[in-house]
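Asks: Sequence:
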Amino acid sequence: MARVSSVRAKPACCPIRVKMRTINVASLTGHQGRQLEEESRLTAAKRPMIIVGSECLQRPDGPAIHSNARTLAGQLTPSTKDHPVFNVLHRFASQVAALDLGYTPSVNQIKQAKPRILFLLGADRETVTRADLPKDCLVVFVGHHGDRGASMADVVLPGAAYTEKNAIYANTEGRAQHTQLAVVPPGLGREDWRIFRAISEVVGTPLPYDNLEQVRYRMASIAPGLTEMNIVQPASTESRHAADQLLKLDKNTRTMNTRQPIALSLLTLSDYFITDCISRASQTMAKCVKAIHDAATKTS
Numbered sequence: 001m002a003r004v005s006s007v008r009a010k011p012a013c014c015p016i017r018v019k020m021r022t023i024n025v026a027s028l029t030g031h032q033g034r035q036l037e038e039e040s041r042l043t044a045a046k047r048p049m050i051i052v053g054s055e056c057l058q059r060p061d062g063p064a065i066h067s068n069a070r071t072l073a074g075q076l077t078p079s080t081k082d083h084p085v086f087n088v089l090h091r092f093a094s095q096v097a098a099l100d101l102g103y104t105p106s107v108n109q110i111k112q113a114k115p116r117i118l119f120l121l122g123a124d125r126e127t128v129t130r131a132d133l134p135k136d137c138l139v140v141f142v143g144h145h146g147d148r149g150a151s152m153a154d155v156v157l158p159g160a161a162y163t164e165k166n167a168i169y170a171n172t173e174g175r176a177q178h179t180q181l182a183v184v185p186p187g188l189g190r191e192d193w194r195i196f197r198a199i200s201e202v203v204g205t206p207l208p209y210d211n212l213e214q215v216r217y218r219m220a221s222i223a224p225g226l227t228e229m230n231i232v233q234p235a236s237t238e239s240r241h242a243a244d245q246l247l248k249l250d251k252n253t254r255t256m257n258t259r260q261p262i263a264l265s266l267l268t269l270s271d272y273f274i275t276d277c278i279s280r281a282s283q284t285m286a287k288c289v290k291a292i293h294d295a296a297t298k299t300s
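According to this note's numbering, the sequence shown is numbered sequentially starting from 1.
Keep in mind the hints are simulated off the structure, nothing from the lab.
One thing to keep in mind: the hints can contain errors.
Here are the computed lysine-lysine pairs in the DSSO-like style, where the Cα-Cα straight-line distance is at most 27 Å [unchecked claim]: (1) Lys81 - Lys46; (2) Lys298 - Lys287; (3) Lys135 - Lys114; (4) Lys111 - Lys81.
Label-pair distances were calculated between CB atoms; the ranges are [what the hints assert, rightly or not]: (5) Gln177 - Gly102: 18 to 24 Å; (6) Tyr103 - Ala198: 20 to 26 Å; (7) Gly102 - Ala291: 38 to 44 Å; (8) His241 - Arg125: 20 to 26 Å; (9) Tyr103 - Tyr162: 16 to 22 Å; (10) Gly146 - Ala291: 43 to 49 Å; (11) Arg47 - Tyr162: 16 to 22 Å; (12) Gly102 - Ala131: 45 to 51 Å; (13) Thr299 - Arg116: 22 to 28 Å.
If you're wondering where the values come from, they're calculated on a predicted model, not measured in any experiment.
For every residue, glycine included, the Cβ atom is placed at its ideal position computed from N, Cα and C.
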């Protein structure tokens with residue numbers, strides 16, 4: 001296994017014996033790329049696999065890294081029909097589902113657009129702050145547990161946590177999973193889709209669905225894989241071909257900065273126990289983090 005990595009892998013986590021080799025940017029071009037194939041014996045591997053960390057794709061030359069890694073993967077032979085050689089490992093929960101639904105992750109566009117109204121749907125990473133927005137911008141937060149996004153909002157519309165609604169989530173490989181309502185949302189909390197349905201009616205443009213079944217029917221028309229539980233829907237040949245053609249038109253896919261190494265921005269997850277708004281609101285999880293930090297301070 002080779003990885004163009006932005007995530008540190010621990011062999012102890014693998015239930016099977018896996019041979020891993022880290023590929024740097026310079027190894028994806030020219031003679032070095034061919035030499036790498038011979039040295040790592042990728043071409044002779046029984047189950048070759050290339051994993052690209054999503055952080056690599058956020059670099060200015062990310063499209064070029066993606067294109068060259070895809071090219072290298074295309075020279076390798078998959079062991080079975082359902083064995084993907086080229087893979088992307090995402091860092092954030094539900095990022096795969098958001099991309100499947102057509103969301104475009106561009107915080108910079110929000111900052112440049114200077115919107116008059118900004119909706120934060122469960123946004124709790126402080127990627128956008130009040131300083132990035134016009135003074136008269138109305139910020140509406142939809143979510144639960146009143147996290148970072150709620151602290152900067154003018155209007156807070158309480159949503160429902162995963163335990164408080166029948167919902168579909170997707171893990172990092174795009175495998176859809178279903179949650180069932182265990183308890184009703186407290187107070188005035190509502191399911192997210194109901195909140196936006198009500199807003200659409202107030203502004204005079206009602207959304208074309210009145211129940212959860214209609215919402216999921218619409219979702220299935222956009223991303224069918226999200227309605228098939230516990231199944232990873234493979235990318236179709238047509239979509240792969242279309243993606244390859246778009247990459248050829250992008251001038252950023254032609255040049256990689258081989259002098260810039262792949263620098264990992266996150267080597268250790270110091271806030272392992274408080275990585276989401278629910279755990280950040282937990283006193284127990286806060287004690288766990290404090291215990292770890294105290295132990296690390298003593299050992300250092």
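Asks: Can the suggested window of 16 to 22 Å be confirmed for the beta-carbon pair Arg47 and Tyr162?
Replies: violated, 34 Å
Asks: Are His241 and Arg125 spaced within 20 to 26 Å by their CB atoms?
Replies: violated, 34 Å
Asks: Starting from the range 18 to 24 Å, see whether the pair Gln177 and Gly102 falls in it by beta-carbon distance.
Replies: Given a distance of about 20 Å, which is inside 18 to 24 Å, the answer is holds.
Asks: Please test the hint of 16 to 22 Å on the beta carbon pair from Tyr103 and Tyr162.
Replies: Since Tyr103 and Tyr162 have Cβ atoms about 19 Å apart, the given range 16 to 22 Å holds.
Asks: Starting from the range 20 to 26 Å, see whether the pair Tyr103 and Ala198 falls in it by beta-carbon distance.
Replies: Taking Cβ atoms as reference, Tyr103 and Ala198 lie about 22 Å apart, which means the hint holds.
Asks: Has the hinted range 22 to 28 Å been met by the Cβ atoms of Thr299 and Arg116?
Replies: violated, 51 Å
Asks: With the threshold set at 27 Å, check whether the alpha-carbon distance from Lys135 to Lys114 stays at or below it.
Replies: holds, 10 Å
Asks: Quick check on a hinted range of 43 to 49 Å for Gly146 and Ala291, using CB atoms only.
Replies: Between Gly146 and Ala291, where Cβ atoms are some 25 Å apart, the hint is violated.
Asks: Take the C-alpha atoms of Lys81 and Lys46, compute the straight-line distance between them, and say whether it is at most 27 Å.
Replies: This hinted pair holds, its Cα atoms lying about 13 Å apart.
Asks: Confirm or reject the claim that Gly102 and Ala291 have a C-beta distance inside 38 to 44 Å.
Replies: At roughly 42 Å between Cβ atoms, Ala291 and Gly102 fall inside 38 to 44 Å, so the hint holds.
Asks: Check the hint pairing Lys111 with Lys81 against an upper bound of 27 Å on the C-alpha distance.
Replies: violated, 44 Å
Asks: Measuring from beta carbon to beta carbon, are Gly102 and Ala131 in 45 to 51 Å?
Replies: violated, 29 Å
Violated hints, listed in ascending order, are 4, 8, 10, 11, 12, 13; each of the other numbered hints is respected by the structure.
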